[in-house]
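Here the sequence shown is numbered in my numbering, starting from 1 and rising by one per residue.
Please keep in mind that the hints were generated in silico from the structure rather than gathered at the bench.
Cβ-Cβ distance ranges computed for the label pairs, FRET-style:
| id | residue 1 | residue 2 | range |
| --- | --- | --- | --- |
| 1 | Ser-409 | Lys-173 | 36 to 44 Å |
| 2 | Arg-364 | Trp-445 | 41 to 49 Å |
| 3 | Trp-445 | Thr-63 | 22 to 30 Å |
| 4 | Asp-184 | Glu-144 | 14 to 22 Å |
| 5 | Leu-369 | Arg-443 | 38 to 46 Å |
| 6 | Lys-177 | Glu-75 | 21 to 29 Å |
| 7 | Asp-401 | Asp-18 | 48 to 56 Å |
| 8 | Lys-155 | Tyr-330 | 23 to 31 Å |
| 9 | Glu-144 | Val-22 | 40 to 48 Å |
The beta carbon of each residue, even a glycine, is placed where N, CA and C say it ideally should be.
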Amino acid sequence: MQSLKVSAIKFALKHVVDWALVNPEDRIPKIVNLIKKVSYINKNDGGRNKRNLVLNTFADQETLMYKWLVRWMKEMDPRVTHKFFNNVAVNAGFVGNRLKWQTSNRENCNVPFAILMDPTSQCNIHCIGCWAAEYDKTDNMEYELLDRIIREGKKLGTFFYLYSGGEPTIRKKDLLKLAEVHDDCFFMSFTNGTLLDEKFAKRCAELGNMSFAISVEGYEEETDFRRGKGSFQKMMEGMDNLKKYGVPFGFACCYHRQNIYTVGSEEFVDFLIDKGCIFGWYFTYIPIGKDAVVDLMVEPEEREWMFHQIRHIRKDRKIFVIDFWNDGDYIRGCIAGGKNYLHINARGDVEPCAFIHYASVNIRNVSLLEALKSPIFKQYRWNMPFNSNHLRPCPLLDNPDELENMVISTGAYSTQTLDHEDVRDLCAKCRPMAKKWAKTANRLWQTDPQAINYKNIQLMKKQIEEKIRKREKKAVEAVSE
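Sequences and hints are given; from them, build the entire structure.
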């Protein structure tokens, strides 16, 4: 019966999407209103009101979600649109969520919405400050292992898979084969974008279930400084190829003290929208590795500026952007440890997060379910949320005592093959900034972020820049003395 219900939903969805693609601006609100009417007929539907609140964000033509969905339908290949709704909305959302909760309740463990895997630790370029640089460059997960993880994941309810590295597109053939074999899943690769040639983009459009998050550091000068001369232009060519064939892609930015006002600016986001980016992921810099530069961490006032700026961009632009640290209030804290996602590095170590390089097990020796029930993952499940203030979500960046206690109590090992950084040393680097951010975050938690308008954000930026200038001036004077 469940299978018949899913088949019926997919059959109806195909025709609804085909109809909407003809004139999305006019027809999306009509579809939403029809769904709400059908929902109203079912008086026993306890989740109707909550679902209708979500549906309203697509019906109102002034909302980001309506504008974003219209843009998606206009710019993406129709095959991509059909696969997106089938695999994300139905398989991951409807089928997957039910399986996840059943498994989670039965096994007393987290089951993630998404799994992030590193097919390889190899990369065609070397980026300054990349956390993947802490891994051995010879590690790879063979196709059979990647395939096994996905098959086990689907049985648990996970239908969304992400790749990072290293550079995952070095393994193009395997990525394409996995997407073809598992055509009921949706895939996204974090990539430097330099290997996205036209032939590859065309094949991705044909498959319909692949997308890309292209890492950018700013404009050409900032990107080439970190990634090497010529990287920016190759990246732009990759974006052009994906846009030409209607393959969904966005940007991924690591913001730090030297680039925050570039990558967080409206001008930069508008530039990437024009290039075809449909989404954007923001990450803040964390000093992972014994030789990591602590001074690149953003100050509390800079992180606060980004907090407001992201909300301003979401309100004003046709792009879906997320700041994985400053948006903790939307997802009730940290997303890692299998709550929403986990990370498996190229050696097979199952980590709670791509930024938390400690593990209890290796996927080569255990099943995915056993990995989710391993000591470090149990600690995440028991201790979440790590702070009642969800603007302080991270157990490392915002609550370093939490990570230190979890790693030490479980005996989790360091997965950084190059330096095996002791968790006490890592947390010690983050503790001073965590204390400083706590004051700002606690104030923000008590205020309404919607009360901050664009002029306030610009004024805040000027005030922060002045503070930085004074701080740097004092540092110079201290050295001179």
